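Participant: Sequence:
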Amino acid sequence: MKIGITCYPSMGGSGIIATELGIMLAERGHDIHFITSNIPFRIRKPLPNITFHQVEVNQYAVFQYAPYDITLSTKIAEVINEYDLDILHMHYAVPHAVCGILAKQMSGKDIKIMTTLHGTDITVLGYDHTLKNAIKFGIEGSDLVTSVSQSLAKQTQDIINTNKPIVPIYNFVREQEFPTKRDNQLKSAYGIADHEKVIIHVSNFRAVKRIDTIIETFTKIHAQLPSKLLLLGDGPELMDMKQKAKSLGVEDHVLFLGKQDWVSEFYQMSDLVLLLSEKESFGLTLLEAMKSGVVPIGSNAGGIKEVIKHDETGFIVDVGDSDTASEYALQLLTDQNLYNKMQTAMLADIDARFASNLITDQYESYYKKMLEGNHE
Numbered sequence: 001m002k003i004g005i006t007c008y009p010s011m012g013g014s015g016i017i018a019t020e021l022g023i024m025l026a027e028r029g030h031d032i033h034f035i036t037s038n039i040p041f042r043i044r045k046p047l048p049n050i051t052f053h054q055v056e057v058n059q060y061a062v063f064q065y066a067p068y069d070i071t072l073s074t075k076i077a078e079v080i081n082e083y084d085l086d087i088l089h090m091h092y093a094v095p096h097a098v099c100g101i102l103a104k105q106m107s108g109k110d111i112k113i114m115t116t117l118h119g120t121d122i123t124v125l126g127y128d129h130t131l132k133n134a135i136k137f138g139i140e141g142s143d144l145v146t147s148v149s150q151s152l153a154k155q156t157q158d159i160i161n162t163n164k165p166i167v168p169i170y171n172f173v174r175e176q177e178f179p180t181k182r183d184n185q186l187k188s189a190y191g192i193a194d195h196e197k198v199i200i201h202v203s204n205f206r207a208v209k210r211i212d213t214i215i216e217t218f219t220k221i222h223a224q225l226p227s228k229l230l231l232l233g234d235g236p237e238l239m240d241m242k243q244k245a246k247s248l249g250v251e252d253h254v255l256f257l258g259k260q261d262w263v264s265e266f267y268q269m270s271d272l273v274l275l276l277s278e279k280e281s282f283g284l285t286l287l288e289a290m291k292s293g294v295v296p297i298g299s300n301a302g303g304i305k306e307v308i309k310h311d312e313t314g315f316i317v318d319v320g321d322s323d324t325a326s327e328y329a330l331q332l333l334t335d336q337n338l339y340n341k342m343q344t345a346m347l348a349d350i351d352a353r354f355a356s357n358l359i360t361d362q363y364e365s366y367y368k369k370m371l372e373g374n375h376e
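Going by full-length UniProt numbering, the sequence shown opens with residue 1, and the numbers climb by one from there.
Calculated directly from the structure, the hints in this document are not laboratory data.
Just so we're clear, the structure is a prediction, and the values are computed from it rather than from any experiment.
Yeah, the Cβ is synthetic: ideal placement off N, Cα and C, and Gly gets one too.
Treat the hints loosely; a few may be bogus.
Lysine-lysine pairs mimicking DSBU-like chemistry, simulated, CA-CA at most 30 Å apart [stated by the list, open to error]: (1) Lys244 <-> Lys305; (2) Lys279 <-> Lys197; (3) Lys244 <-> Lys259; (4) Lys279 <-> Lys242; (5) Lys45 <-> Lys2; (6) Lys369 <-> Lys132.
Distance ranges between label pairs, derived from CB positions [claimed, not checked]: (7) Arg28 <-> Gly191: 16 to 24 Å; (8) Asp240 <-> Gly191: 19 to 27 Å; (9) Ser188 <-> Glu251: 51 to 59 Å; (10) Ala189 <-> Gly108: 55 to 63 Å; (11) Asp323 <-> Asp84: 33 to 41 Å; (12) Val57 <-> Ser188: 40 to 48 Å; (13) Glu27 <-> Arg206: 29 to 37 Å; (14) Leu225 <-> Tyr68: 25 to 33 Å; (15) Leu225 <-> Arg182: 17 to 25 Å; (16) Thr71 <-> Arg206: 46 to 54 Å.
Construct all of the structure, not just a fragment, from the sequences and the given hints.
Facilitator: Laid out in structure tokens, this is it:
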């Protein structure tokens, strides 16, 4: 198949999944065409069967703002015609699905369009009445729509008020990128003693991630156990969270490490991962950490409770409940038998439900259904 993929090429979860899926499909012999503003950051070397088409937005005096959507649509149409694409896979309803629909009309070709919803396009933009109709148009104009969790599929149908079937297909991680091993040498390089436990959180430091709850949870853990908290990422909450750590007296034990392109090495020196968001469509960083062997504690928000099986592969707590989160953490960090049991179950569950080949098979199957005219 000849497949065009449009996504945000940044480090966000949607861009990572779109890129990794494209790489997997290319390895299976499909022709993959990324149509984006920049080369997706996960593409680090030339790969057979992958072509990158850059969308360059020019500034025109007639426009107050650069016409990205029109330029993207025009570029997609150009690629459809030049390479005779079979399928467009658009990641995000707005603007990408809408641009894909416009590009299809421009090209005059009966190309099939799959749209994958990743969360922000629904959980943030979906509440904006000025965009709701555009999102609904993008969803209902697609041949097939997928979402990264069952929770997001239901939320989309509730918010957008659409009867369009939405197929949940979970995210995945490339197994070789997240090996299950310990790295005490890196731990030492960051000044962390061998006997100290390491808790990790990775995000974009927005309020919705509830990093305040994570620091509160860590403070209660640290009071009982020598430990360090690694916070990877950057964003609008960064300075407030530094002040939070200082006010709780743990600033010397919380390491703010900024954005990191490759987080795998940090997972390899971690014992516990926390994702206590108030909204989360899936939680890709959670899956990355778990594949690396790090046992999770997550909130009961959105897709997190689909990734973690409570009391089997990790623990789930209510949003904002740092007391229960710290109690579960101390159980795991002081009982090696419990930790090993949960880690073994967690790794087996990831292989059973989130394996890269399994998820790629699902996407590939739905591509074939679309080409056969079956849109369900």
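Participant: Please go over all the hints and tell whether each is borne out by the structure.
Facilitator: Status of the hints after comparison with the structure:
no. : hint                          : in the structure
1   : Lys244 <-> Lys305             : holds, 27 Å
2   : Lys279 <-> Lys197             : holds, 27 Å
3   : Lys244 <-> Lys259             : holds, 19 Å
4   : Lys279 <-> Lys242             : holds, 22 Å
5   : Lys45 <-> Lys2                : holds, 21 Å
6   : Lys369 <-> Lys132             : holds, 28 Å
7   : Arg28 <-> Gly191: 16 to 24 Å  : violated, 44 Å
8   : Asp240 <-> Gly191: 19 to 27 Å : holds, 25 Å
9   : Ser188 <-> Glu251: 51 to 59 Å : violated, 21 Å
10  : Ala189 <-> Gly108: 55 to 63 Å : holds, 58 Å
11  : Asp323 <-> Asp84: 33 to 41 Å  : violated, 59 Å
12  : Val57 <-> Ser188: 40 to 48 Å  : holds, 46 Å
13  : Glu27 <-> Arg206: 29 to 37 Å  : holds, 34 Å
14  : Leu225 <-> Tyr68: 25 to 33 Å  : violated, 49 Å
15  : Leu225 <-> Arg182: 17 to 25 Å : holds, 18 Å
16  : Thr71 <-> Arg206: 46 to 54 Å  : violated, 28 Å
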